[in-house]
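The residues making up each chain are set out below.
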Amino acid sequence: MHELSVVTSIVKIVQQEVHKIKGRKALELYLEIGKLSGVEMDSFYFVWPQCIDGSALSDAKLFIEEPAGKARCAECETEFHIDKSFDSCPNCNSPFKEIIAGKELKIKKIIIK
Amino acid sequence: MCTTCGCSSDENEVRFTKIGDKQSHSHSHSHSHLGHFHHHDHEDHHHECHHDHDHDHDDHDHPHDHHHDHHHGHSHEINIVQLEKDILYKNQLTAERNRGFFEALNIFSINMVSSPGSGKTSLLERTISDLKDKMAFSVIEGDQQTTNDADRIHKLNVPVIQINTGKGCHLDSEMISRAVKELKPVPDSILMIENVGNLVCPAMFDLGELQRVVIISVTEGEDKPLKYPDMFYGSQICIINKIDLLPYLKFDLEKLKEYAKKVNPHLTFFEVSTTSGEGLQAWYDYLAQSIKQ
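So the protein lines, in turn, are chains A and B. Heads up, the first sequence is in the UniProt record's numbering, so the first residue is 1 and it goes up one at a time. Heads up, the second sequence is in the UniProt record's numbering, so the first residue is 1 and it goes up one at a time.
Simulated from the structure, these hints should not be mistaken for laboratory data. Backbone N, C-alpha and C fix where the C-beta goes; we use that ideal spot for every residue, glycine too. A portion of the hints provided could be inaccurate.
To be verified - Examples of chain A residues lying across from chain B (beta carbon under 10 Å, computed): (1) 12; (2) 20; (3) 35; (4) 36; (5) 41; (6) 62; (7) 100; (8) 108; (9) 112; (10) 113.
Claimed, not checked - Below are the BS3-like pairs computed for lysine-lysine, each with C-alpha atoms no more than 27 Å apart in a straight line: (11) 134(B) x 113(A); (12) 85(B) x 35(A); (13) 22(A) x 90(B); (14) 134(B) x 84(A); (15) 90(B) x 113(A); (16) 103(A) x 261(B); (17) 292(B) x 70(A); (18) 84(A) x 85(B); (19) 35(A) x 90(B); (20) 85(B) x 109(A); (21) 262(B) x 227(B); (22) 85(B) x 70(A); (23) 103(A) x 61(A); (24) 85(B) x 25(A); (25) 261(B) x 134(B); (26) 227(B) x 255(B); (27) 85(B) x 20(A); (28) 61(A) x 85(B); (29) 61(A) x 25(A); (30) 261(B) x 84(A); (31) 70(A) x 113(A).
As the list claims (entries may be wrong) - For each label pair, taking beta carbons as the anchor points, the in silico distance ranges come out as: (32) 106(B) x 65(A): 41 to 47 Å; (33) 96(A) x 148(B): 40 to 46 Å; (34) 53(A) x 246(B): 48 to 54 Å; (35) 188(B) x 64(A): 42 to 48 Å; (36) 265(B) x 59(A): 46 to 52 Å; (37) 96(A) x 151(B): 52 to 58 Å; (38) 266(B) x 41(A): 17 to 23 Å.
Construct the complete structure from the given sequences, taking the supplied hints into account.
In structure tokens:
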């Protein structure tokens, strides 16, 4: 249930940003949570309401982008889609690769009033 | 209240116990102060808690219901903050600081992760008792409850601190930073951090270790690396423990290695038995090499 740590980190960061510009609350929040980030979205949504309750995010609209997994083969440089972090290269079958997308865990943008 | 993780009720706060000092103190894990969803006060928290508890929500029933579209010239200023910030940046920042400290003092810090029962603590005990005359050790034990593991290590007369995470499922870099300040590991030593037994959550939290070691015992399934890829992906070393039991099990060691290599082709393997001592020498050589400058 590390999603709780993730959500509480989000709440903390957003509250800091709101206070930094002396805003009142966050209206919209744009996140990027990659498919390979290790965050279960079901668990994320489960803890979300409890974590934002009474905070500057309590009314915030949540927009989450979930980039798919993408890797570049270290042997033949093919770029390919991956569902699991251990998918091998479809071209040469090598397991050596660099994951170039899908691991994102980011706050992109906050709209603050 | 966090019904699953339950990380922040009073009885679940993170607790640090330095064994031998007989003093135990606790502090709330930083994330427990967040979100204002816990209404109890932590009267003694004096560590970072930057947010202002007084920010007011008392104007919820503002008479003029402003629509949230972005009209210009609206009486309330709308700010767009392009943050582009990593959600776990704070953990990463502290992890990097920890790592800098370890590198500067040549403290070889190892984050040991595995499922419960794979033999982490036994491996630690055996390693330390076999090597403690040759090199200096210190240990951080992470468990949800009890100081049992730290008590076992304390019997070997090495500095040890127990972190009880309450219902928390993993250690984080802030806990390590704090534990290290109390533990005061000496230069040119080995710091073993035994993470909470859990193959999922600790994978996401860099502690600032120099190496992450995943331990799997042959009484587990060969396909564990495929089932819990993040942990194997994020580790550099894989210790396969309890190999003395192989004759009694239908366990395909090569298959395990094949699966683990599929997830992380860079993994280095050590096949050991903490009970019989088989294979431990290679592990010991590796440790000795790691603090040689």
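Against the structure, the hints come out as follows:
At a threshold of 10 Å, the smallest CB-CB gap from residue 12(A) to chain B is about 5 Å, leaving the interface hint in force. Contact between residue 20(A) and chain B, as hinted, is supported at the beta carbon level, the nearest pair being about 8 Å apart and thus within 10 Å. At its closest, the beta carbon of residue 35(A) sits 12 Å from a beta carbon of chain B; the interface hint therefore is violated under the 10 Å criterion. A distance limit of 10 Å between C-beta atoms decides the matter here; for residue 36(A) the minimum to chain B is near 8 Å, and the interface restraint holds.
Nearest Cβ of chain B to the Cβ of residue 41(A): about 14 Å, over the 10 Å cut. The hint is violated. Among the interface hints, the one on residue 62(A) is violated; its C-beta lies about 13 Å from the nearest C-beta in chain B, farther than the 10 Å criterion. Because the closest C-beta pair between residue 100(A) and chain B is about 15 Å apart, greater than 10 Å, the hint is violated. Checking residue 108(A) against chain B: minimum C-beta separation of about 6 Å stays under 10 Å; hint holds.
Because the smallest distance between the Cβ of residue 112(A) and any Cβ of chain B comes to about 5 Å, under 10 Å, the interface hint for this residue holds. At about 5 Å, the closest approach between the beta carbon of residue 113(A) and any beta carbon in chain B falls short of 10 Å, and the interface hint on this residue holds. The hinted pair formed by residue 134(B) and residue 113(A) fails the criterion: a straight-line CA distance of about 61 Å is larger than 27 Å. Note on residue 85(B) and residue 35(A): the hinted pairing holds, with a Cα-Cα distance of about 18 Å set against a maximum of 27 Å.
A threshold of 27 Å between alpha carbons decides the hint, and for residue 22(A) with residue 90(B) the separation of about 22 Å falls inside it, so the pair holds. Only pairs whose Cα atoms come within 27 Å are accepted, and residue 134(B) paired with residue 84(A) is rejected, the gap being roughly 43 Å. The suggested pairing of residue 90(B) with residue 113(A) holds, with an alpha-carbon distance near 25 Å, which does not exceed 27 Å. The suggested pairing of residue 103(A) with residue 261(B) holds, with an alpha-carbon distance near 20 Å, which does not exceed 27 Å.
Using a Cα cut-off of 27 Å, the hinted pair residue 292(B) and residue 70(A) is violated, with the two alpha carbons roughly 39 Å apart. For the suggested pair residue 84(A) and residue 85(B), the alpha carbons sit about 25 Å apart, so the restraint of at most 27 Å is met. Between residue 35(A) and residue 90(B) the alpha-carbon distance is near 22 Å, which keeps this suggested pair within the 27 Å criterion. Our distance criterion of 27 Å between C-alpha atoms is met by residue 85(B) and residue 109(A), whose separation comes to about 9 Å.
Between residue 262(B) and residue 227(B), the direct Cα distance comes to roughly 12 Å. Compliance with the 27 Å bound is thereby established for this hinted pair. A threshold of 27 Å between alpha carbons decides the hint, and for residue 85(B) with residue 70(A) the separation of about 21 Å falls inside it, so the pair holds. Pair hint residue 103(A) plus residue 61(A) holds up; C-alpha atoms about 23 Å apart against a cutoff of 27 Å. Restraint check for residue 85(B) and residue 25(A): the C-alpha separation of about 19 Å stays at or below 27 Å, so the hint holds.
For the suggested pair residue 261(B) and residue 134(B), the alpha carbons sit about 33 Å apart, so the restraint of at most 27 Å is broken. The straight-line distance between the Cα atoms of residue 227(B) and residue 255(B) is roughly 14 Å, inside the 27 Å bound, and the hint therefore holds. Between residue 85(B) and residue 20(A) the CA atoms are separated by roughly 15 Å; this keeps the pair inside 27 Å, and the hint holds. Among the hinted pairs, residue 61(A) with residue 85(B) is consistent with the structure: their alpha-carbon atoms are about 18 Å apart, no more than 27 Å.
Distance hint between residue 61(A) and residue 25(A) is fulfilled; the C-alpha atoms sit about 11 Å from each other, no more than 27 Å. Restraint check for residue 261(B) and residue 84(A): the C-alpha separation of about 14 Å stays at or below 27 Å, so the hint holds. Annotation: proposed proximity of residue 70(A) to residue 113(A) is violated, straight-line Cα distance about 36 Å (limit 27 Å). In this structure, residue 106(B) and residue 65(A) meet the distance hint of 41 to 47 Å, their C-beta atoms being roughly 42 Å apart.
One distance hint, 40 to 46 Å for the beta-carbon pair residue 96(A) and residue 148(B), holds here, with the actual separation near 41 Å. For residue 53(A) paired with residue 246(B), a C-beta distance near 52 Å keeps the hint of 48 to 54 Å intact. For residue 188(B) and residue 64(A), the Cβ-Cβ distance of about 46 Å falls inside the hinted range of 42 to 48 Å, so the restraint holds. Restraint check, residue 265(B) to residue 59(A): a C-beta distance of roughly 47 Å satisfies the suggested window 46 to 52 Å.
Separation of residue 96(A) from residue 151(B) is about 43 Å and departs from the stated range, judged on CB atoms against 52 to 58 Å. Restraint check, residue 266(B) to residue 41(A): a C-beta distance of roughly 29 Å breaks the suggested window 17 to 23 Å.
Against the hints set out earlier in the document, violations occur for numbers 3, 5, 6, 7, 11, 14, 17, 25, 31, 37 and 38.
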